[in-house]
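Same order as they appear, the protein sequences are chains D and P. Going by our numbering, the letters in the first sequence line up with residues 32 to 372, in that order. Going by our numbering, the letters in the second sequence line up with residues 18 to 832, in that order.
None of these hints come from the bench; they were simulated from the model. Please read all numbers here as calculations on a predicted model, not as lab measurements. Ideal Cβ positions, reconstructed from N, Cα and C, are used throughout, including at glycine. Errors might be hidden in some of the hints.
Residues from chain P that face chain D, not an exhaustive set, calculated with beta carbons under 8 Å [stated by the list, open to error]:
1. Leu-447
2. Gly-448
3. Val-451
4. Ser-490
5. Glu-493
6. Asp-494
7. Pro-520
8. Gly-541
9. Leu-580
10. Met-612
The calculated lysine-lysine pairs, modelled on BS3-like cross-linking and capped at a C-alpha distance of 25 Å, are [unchecked claim]:
11. Lys-509(P) - Lys-272(D)
12. Lys-623(P) - Lys-214(D)
13. Lys-784(P) - Lys-367(D)
14. Lys-335(D) - Lys-182(P)
15. Lys-174(D) - Lys-733(P)
16. Lys-649(P) - Lys-367(D)
17. Lys-189(D) - Lys-557(P)
18. Lys-509(P) - Lys-268(D)
19. Lys-434(P) - Lys-417(P)
20. Lys-455(P) - Lys-643(P)
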Amino acid sequence: MKNELQKIKEEVINKISKIKKEIDINNLEIKYLGRKGELTKILRNLKNLGEEQKKEMGRLGNQIKKEIRKEIERKKEDISGYFSSRDIDVSLPGVKAEIGHLNPLTIVQNELEELFTSMGFMILDGPELESDYYCFEALNIPKNHPARDMQDTFYIDKKNKEGDYDLVMRTHTSPVQVRAMQKYGAPFRGVVPGRAFRNEAVDACHEHSFFQIECLFIDEDISVANLKAVVREMLSKIFEKDVTIRIRPGFFPFVEPGLEVDMSCTICGGRGCPSCKNTGWLEMGGAGMIHPNVLRAGKIDPEKYSGFAFGFGWDRLAMMKFGISDIRLFQSNNLKFLNQF
Amino acid sequence: MLLSLNWLKDFLEIPGKIDALELGRRLTLHTVEIENVEDQLEKFKNVVIGKIVEINPHSNADKLQVTKVDVGGKDNLNIVCGAKNIEVGQMVPVALPGAILPNGIEINEGKIRGEVSEGMLCAEDEIGLGADHDGIMILDKKAKKGQNLAEYLKLNDTVFEVDNKSLTNRPDLLSHIGIAREISVFLNSNLTKKFNKINNYDILETEDSLKELKVSIENNDLCPRYMAIEVEGVEIKESPKWMQDRLSAVGVRPINNMVDITNYIMIECGQPMHAFDSSLIKEIIVRRARKGEKIITLDGEERRLDDEMLVIADGEKPVAVAGVMGGVNSEINPETKNVILESANFEGVRVRKTSQRLGIRTESSMRFEKSLDPNLCSLAIRRAWDLIKEVCPKAQISSKLIDIKSKDKVNFGFDVKPIKLEVEWIKKRLGEDVDSNKITDILEELGFGITKENDEGVLEVEVPTWRATKDVSIKEDLLEEVGRIIGYDNIKPAMPRVELGSPEINQEKVLEKNIKDILSLGLGLSESYNYVFTSEEKLKKINIDPASYIRLANSMSENHTLLKQNLSTNLFDNIRLNQANFDNVSLFEIGMIFMDFSGDINKDDKGEESLPYQERRIGIIEASNKEDVFRKVKGKVESLLDRFDLKVEFVPSEPVLSWGQEGVCANVKVLEKEIGFVCQVDDKVLKNLGIKKKVAVCEIRFSDLFNLINMQGEKKYKSEGKYPALERDLAFVVDNKILYNDIRHEIIGFSNLITRVDLFDVYQGGKLEKNKKNLGFHIIYQSPERTLKADEVENVQNELIKKLEEKYEAHIRNF
Chain D
32 MKNELQKIKE EVINKISKIK KEIDINNLEI KYLGRKGELT KILRNLKNLG EEQKKEMGRL
92 GNQIKKEIRK EIERKKEDIS GYFSSRDIDV SLPGVKAEIG HLNPLTIVQN ELEELFTSMG
152 FMILDGPELE SDYYCFEALN IPKNHPARDM QDTFYIDKKN KEGDYDLVMR THTSPVQVRA
212 MQKYGAPFRG VVPGRAFRNE AVDACHEHSF FQIECLFIDE DISVANLKAV VREMLSKIFE
272 KDVTIRIRPG FFPFVEPGLE VDMSCTICGG RGCPSCKNTG WLEMGGAGMI HPNVLRAGKI
332 DPEKYSGFAF GFGWDRLAMM KFGISDIRLF QSNNLKFLNQ F
Chain P
18 MLLSLNWLKD FLEIPGKIDA LELGRRLTLH TVEIENVEDQ LEKFKNVVIG KIVEINPHSN
78 ADKLQVTKVD VGGKDNLNIV CGAKNIEVGQ MVPVALPGAI LPNGIEINEG KIRGEVSEGM
138 LCAEDEIGLG ADHDGIMILD KKAKKGQNLA EYLKLNDTVF EVDNKSLTNR PDLLSHIGIA
198 REISVFLNSN LTKKFNKINN YDILETEDSL KELKVSIENN DLCPRYMAIE VEGVEIKESP
258 KWMQDRLSAV GVRPINNMVD ITNYIMIECG QPMHAFDSSL IKEIIVRRAR KGEKIITLDG
318 EERRLDDEML VIADGEKPVA VAGVMGGVNS EINPETKNVI LESANFEGVR VRKTSQRLGI
378 RTESSMRFEK SLDPNLCSLA IRRAWDLIKE VCPKAQISSK LIDIKSKDKV NFGFDVKPIK
438 LEVEWIKKRL GEDVDSNKIT DILEELGFGI TKENDEGVLE VEVPTWRATK DVSIKEDLLE
498 EVGRIIGYDN IKPAMPRVEL GSPEINQEKV LEKNIKDILS LGLGLSESYN YVFTSEEKLK
558 KINIDPASYI RLANSMSENH TLLKQNLSTN LFDNIRLNQA NFDNVSLFEI GMIFMDFSGD
618 INKDDKGEES LPYQERRIGI IEASNKEDVF RKVKGKVESL LDRFDLKVEF VPSEPVLSWG
678 QEGVCANVKV LEKEIGFVCQ VDDKVLKNLG IKKKVAVCEI RFSDLFNLIN MQGEKKYKSE
738 GKYPALERDL AFVVDNKILY NDIRHEIIGF SNLITRVDLF DVYQGGKLEK NKKNLGFHII
798 YQSPERTLKA DEVENVQNEL IKKLEEKYEA HIRNF
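Generate the whole structure from the sequences, applying the supplied hints.
Okay, structure coming up:
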């Protein structure tokens with residue numbers, strides 16, 4: 032029996048060395064180690080032996096079975112891949128699935144939308160090609176108002192009955208303020224993330240097509256203190272730390288009082304650096320208490336309700352958050368840039 | 018706008034503990050944004066006085082000379098100079114390496130045409146001290162070598178740069194007097210006697226015996242006030258150094274004493290003035306220009322006028338563009354003896370329009386267009402006379418004071434009624450418990466009058482004339498006054514207390530976000546953000562006629578003249594940009610397109626007209642060196658729609674897209690609705706675009722997809738079915754022209770036992786005949802009522818085969 036076992040072992044190992052296909056090794060495994068396999072058959076005969084022999088042959092049989100199994104496994108690995116468990120370099124990279132990349136603008140937009148939704152704000156949308164009425168008139172910026180100087184507006188080459196250009200690429204997301212008031216009335220809270228346009232030259236800090244988030248909060252007795260709290264909350268969440276904000280007077284015809292919001296420079300911590308022009312402050316955007324004329328345009332009674340609004344460049348938020356120094360990168364659509372996000 | 022600290026100090030006391038930087042900071046926090054604070058000593062850092070000790074010819078350039086200059090250091094400096102007026106022994110300003118001149122030039126050591134130059138000898142204009150560029154500025158012989166130029170010139174001012182944007186609504190702040198008033202309020206410091214004197218001037222008195230100037234105003238509404246006097250016996254020369262220094266400090270070029278006085282008053286009091294040579298104008302008529310009239314303005318340009326503009330004319334010709342710029346024909350010149358001083362108020366909108374039409378914006382127009390207080394006119398003319406007496410002691414007033422006011426109007430039409438103001442309302446809106454007395458104090462110090470106060474704390478507040486033109490008229494304006502003087506920084510943030518409620522969810526936004534996640538994180542596409550603009554040139558490359566495209570009226574670049582009608586145009590650019598660096602480029606974009614017909618968004622609150630049609634689209638583009646891009650794009654579309662349980666079909670499209678390859682264009686159809694297109698891009702188009710890869714692109718209308726998904730309703734679990742399914746494979750060869758879609762419909766509709774049909778194989782070529790393709794399907798048979806028997810399925814399958822053979826001439830292949 033001992034000889035039989037040794038013979039099978041040699042036979043099997045010899046056969047294994049010649050095998051090149053997976054199917055053959057599987058067949059071989061069945062032929063020898065299977066339920067009706069040859070080795071199994073021999074071992075089944077153990078029961079007919081004496082105690083002593085049974086023990087010895089049992090040990091030998093199991094040892095040979097183990098060795099054969101090991102050889103089979105090794106062969107299987109050799110066939111299935113060029114790595115064998117003997118010398119696998121575990122530090123080699125895996126097989127990656129291809130994955131795409133969201134534009135960082137979208138990443139920040141998603142964060143903003145989630146944050147404001149969690150605070151009970153609606154997410155709104157409005158047309159990018161807007162009327163003079165909603166972009167200016169309804170926002171307390173009548174024709175020939177000096178404030179229109181500040182708005183380097185792209186006009187659409189179509190004149191109305193009066194012979195004026197009355198269609199524009201919206202210069203801010205604020206037109207949605209009045210559209211939202213007219214649709215939803217008061218009380219109301221909502222934000223509008225969107226694209227806006229200014230007819231100006233493009234450089235590392237300026238884009239003619241940029242991204243704003245407009246926030247609108249209307250209820251009874253809304254105050255400047257409320258505005259400050261919401262702005263601070265937003266910036267602290269986006270930058271994942273407590274930020275210091277500074278509010279100072281500013282002029283926007285659709286708010287009164289008009290405010291400018293600065294944030295303590297995230298790069299130097301307020302000590303002063305080139306990014307903040309050594310002031311320690313970064314300009315974040317305009318804000319203010321909604322002008323009564325704008326509430327009226329939105330069919331809301333300014334004696335009963337008050338509200339605040341602010342509009343921040345969310346592309347600038349993304350620049351600060353990710354340390355992007357050139358605003359043009361967002362719309363460069365260069366994969367070398369996108370692949371980082 | 019620039020402010021001089023020395024000038025401000027004429028009008029108010031600034032406590033010693035407030036240095037210039039701190040003052041700038043406080044101005045920013047309470048009044049206007051200060052962009053920069055500059056010490057003149059700093060400005061002229063590295064500009065020192067040097068003595069020319071040697072002048073030699075330049076070996077390589079006839080027009081240049083090489084000087085040796087002693088700036089008080091150990092060695093003389095070697096400096097190359099091109100000016101002709103230099104002589105040995107002269108004292109001159111020398112910009113040393115490291116100096117940054119006002120025109121932005123940074124001085125470095127270097128070689129000029131082969132000769133070492135260790136600095137620059139400066140002309141007046143180069144260091145911002147005048148317009149002279151004819152030669153190097155020659156200084157007094159007694160000047161000290163090595164001394165800082167600012168010290169030598171006794172320039173000891175500090176200059177604040179105000180962001181003009183923050184002055185938009187504050188004509189009163191375009192002056193040192195106005196800014197001084199503000200500072201005195203927020204610093205709580207005293208105004209000077211000079212401030213009070215100027216602000217309380219009586220109207221200038223002139224002798225009755227003097228002659229009357231001939232002044233008439235044709236358009237009262239465009240000129241609420243016109244004041245003028247004539248002064249005789251002036252001597253035109255340089256103005257005194259103190260005046261020149263002040264003007265230079267705030268960026269106004271000194272010209273001659275009369276012009277400088279008018280400018281000085283504008284900067285100090287905010288009222289633009291004009292000085293005419295009296296001998297050059299016969300009379301003064303304020304009227305609209307006549308179409309075709311011309312004037313050469315003081316900047317030397319000939320301007321064509323039209324009847325939308327207001328001019329000052331003398332009966333024959335325009336002599337000045339009202340509120341914008343004077344004319345050369347009546348300009349003060351070295352021979353001028355008698356001067357007519359104009360101190361007028363021109364209507365803001367008209368000045369703004371005029372300056373826009375002419376394309377010139379001046380210090381004067383910038384002030385008028387913000388609506389100046391007409392009461393300033395008399396203050397300014399009185400101040401002018403004070404300064405003329407100081408500068409030209411021999412001068413005499415030689416006419417009566419002219420003062421024409423627009424008729425029948427209270428306070429020149431800027432009549433603001435007193436504002437009713439509840440003190441408690443201020444506190445509520447600020448969200449801060451401010452002391453009531455503090456509120457009234459602030460208003461009064463800013464010049465507002467509290468005329469009445471009742472027991473309930475309701476005030477009647479009178480607006481000072483300098484704030485009444487267009488700035489302050491409602492209580493919210495007063496809220497701002499109180500808020501900013503207290504300082505918004507001193508208001509404690511407090512979250513609003515409102516009723517709790519979950520917001521209405523914007524389902525379109527939710528879908529948009531989902532789609533972006535699926536396409537990027539699921540399907541391996543990266544996200545583009547392209548401009549909404551395109552250009553004729555780009556459209557030409559993809560065979561599109563731009564005629565129907567919406568055009569911008571004032572585009573700044575040829576690349577951005579039209580609004581795009583598809584996403585593909587700009588996505589192609591993205592491929593071109595990335596093709597050199599990546600084998601495969603897979604991008605998507607969700608963006609807007611714009612059509613030249615009406616959409617459904619209202620244009621105004623009357624709701625009669627609509628905005629042009631605007632549509633959100635999803636664009637998917639694949640570029641690769643391999644041929645399979647078309648199927649790859651289709652696969653992405655299918656996977657995307659699978660996520661929403663929508664089955665997509667690709668239907669050959671007719672007509673073919675202008676940039677699509679003939680025969681490789683299809684419409685994307687879902688539930689019998691076409692929602693977009695997919696195509697392989699034509700090789701010729703790719704060549705036009707400079708793209709070296711194979712490209713396929715798809716665009717889907719977002720709102721159509723949104724509606725289809727909404728129609729689906731809530732997702733419901735479907736059980737696998739109680740009875741087992743049987744699967745049969747079927748492969749056959751058909752003519753290439755026969756569409757997969759038709760075959761699929763045929764099979765699935767063949768028997769109600771067939772519940773699913775999946776294509777698992779398609780190939781052409783190889784051993785197959787030309788124009789033939791092989792299609793392999795898994796066909797799933799299942800019944801909801803019973804376990805199907807094999808022969809039952811076999812029968813159906815055989816019938817099906819027969820049908821396919823008959824209808825499509827299919828040749829069944831055996832496995």
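How the hints compare with the structure:
1. Leu-447: holds, 5 Å
2. Gly-448: holds, 3 Å
3. Val-451: At about 11 Å, which exceeds the 8 Å cut-off, the nearest Cβ of chain D leaves the hint on Val-451(P) violated.
4. Ser-490: violated, 10 Å
5. Glu-493: holds, 4 Å
6. Asp-494: Hint on Asp-494(P): holds, closest Cβ of chain D at ~6 Å, below 8 Å.
7. Pro-520: This interface hint holds because 5 Å falls under the 8 Å limit.
8. Gly-541: Hint on Gly-541(P): holds, closest Cβ of chain D at ~4 Å, below 8 Å.
9. Leu-580: Hint on Leu-580(P): holds, closest Cβ of chain D at ~7 Å, below 8 Å.
10. Met-612: violated, 10 Å
11. Lys-509(P) - Lys-272(D): Roughly 19 Å separates the two Cα atoms, so the pair holds.
12. Lys-623(P) - Lys-214(D): holds, 14 Å
13. Lys-784(P) - Lys-367(D): Outside the cut-off at roughly 44 Å; violated.
14. Lys-335(D) - Lys-182(P): violated, 32 Å
15. Lys-174(D) - Lys-733(P): violated, 55 Å
16. Lys-649(P) - Lys-367(D): holds, 22 Å
17. Lys-189(D) - Lys-557(P): holds, 23 Å
18. Lys-509(P) - Lys-268(D): holds, 19 Å
19. Lys-434(P) - Lys-417(P): Measuring from Cα to Cα gives roughly 34 Å; hence the hint is violated.
20. Lys-455(P) - Lys-643(P): Outside the cut-off at roughly 77 Å; violated.
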